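> Sequence:
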Amino acid sequence: MLYIFYFSKLLCEMTVDTFNKLVEENDLVMITSPTCSNCRKAKAKLEYNQIPYANVDIKDNPKIYAYISKERKINYVPVLFYKQEFLDNFAKLNEKIYMQDPANPATGG
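Under full-length UniProt numbering, the first residue of the sequence shown carries the number 1, and numbering increases by one thereafter.
These aren't lab readings, by the way, just hints derived from the structure by calculation. Misleading hints may appear alongside valid ones.
Claimed, not checked - Straight-line alpha carbon distances no greater than 30 Å define the calculated DSSO-like cross-link-like pairs of lysine-lysine that follow: (1) K73 <-> K43; (2) K45 <-> K63; (3) K70 <-> K43; (4) K63 <-> K83; (5) K59 <-> K70; (6) K83 <-> K73; (7) K63 <-> K96; (8) K83 <-> K21.
Stated by the list, open to error - Pair by pair, the computed Cβ-Cβ distance ranges are: (9) E95 <-> R72: 16 to 26 Å; (10) Y48 <-> T15: 30 to 40 Å; (11) Y67 <-> P34: 11 to 21 Å; (12) E85 <-> T18: 16 to 26 Å; (13) N20 <-> D88: 26 to 36 Å; (14) K73 <-> Q50: 24 to 34 Å; (15) Q50 <-> K70: 16 to 26 Å; (16) S37 <-> K92: 26 to 36 Å; (17) P52 <-> F86: 17 to 27 Å; (18) N94 <-> E13: 31 to 41 Å; (19) Y67 <-> C36: 10 to 20 Å; (20) K63 <-> C36: 30 to 40 Å.
What you are looking at is a predicted structure, and each value in this text was computed from that prediction instead of being measured. Beta carbons: idealized from backbone N, C-alpha and C, even for Gly.
Required output: the full structure, derived from the provided sequences and hints.
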């Protein structure tokens, strides 16, 4: 079963503490924008491979993006956290997942 969590203004205006807790409690957290083609591709790949993730939309949570941008000195999306580790691109996520179980890279184990 695939679980995807979306956090938006409708559910809550996320605080930095809430975001940090989200990163601690989920194996994969992705910060995205609805207008970002790379974000849509990343989501599609995760969903196709049935890899659960928590999604934080910057449109609904601009304070979180501002916090991450300042803390990590970045100005792009998607932003990925895998097992609490910041990954600066989707290729690194592919490597992490593949390294967990090379015989079954799609699920990572």
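> Give a verdict on every hint.
Here's how the hints hold up against the structure:
A distance of roughly 23 Å separates the Cα atoms of K73 and K43; the hinted pair therefore holds under the 30 Å criterion. Our distance criterion of 30 Å between C-alpha atoms is met by K45 and K63, whose separation comes to about 27 Å. A C-alpha spacing of about 24 Å is found between K70 and K43, which places the hinted pair at or below 30 Å, so the restraint holds. Of the supplied pair hints, the one linking K63 and K83 holds, its CA atoms being roughly 22 Å apart against a limit of 30 Å.
Under the criterion of a C-alpha separation no larger than 30 Å, the hint pairing K59 with K70 is consistent with the structure, at around 17 Å. Only pairs whose Cα atoms come within 30 Å are accepted, and K83 paired with K73 is accepted, the gap being roughly 20 Å. For the given pair, K63 sits about 28 Å from K96 by alpha-carbon distance, which is consistent with the 30 Å threshold. About 12 Å separates the Cα atoms of K83 and K21, which keeps this hinted pair within 30 Å; it holds.
A hinted range of 16 to 26 Å for the beta carbons of E95 and R72 is consistent with their spacing of about 19 Å. For the pair Y48 and T15, the supplied restraint of 30 to 40 Å holds, since their beta-carbon distance comes to about 32 Å. Distance hint for Y67 and P34: a CB-CB separation of about 19 Å, consistent with the stated range 11 to 21 Å. Checking the proposed 16 to 26 Å range against E85 and T18 shows it holds: the Cβ atoms sit about 19 Å from each other.
Against the hinted window of 26 to 36 Å, the Cβ-Cβ separation of N20 and D88 comes to about 19 Å, which falls outside the hint. For K73 paired with Q50, a C-beta distance near 33 Å keeps the hint of 24 to 34 Å intact. Look at Q50 against K70: about 34 Å separates their beta carbons, and that is not inside 16 to 26 Å. A hinted range of 26 to 36 Å for the beta carbons of S37 and K92 is inconsistent with their spacing of about 19 Å.
About 19 Å separates the C-beta atoms of P52 and F86, a value consistent with the hinted range of 17 to 27 Å. Taking the beta carbon of each, N94 and E13 are about 32 Å apart, inside 31 to 41 Å as hinted. Checked against the given bound of 10 to 20 Å, the beta carbons of Y67 and C36, roughly 18 Å apart, stay inside it. At about 18 Å, the beta-carbon gap between K63 and C36 misses the expected band of 30 to 40 Å.
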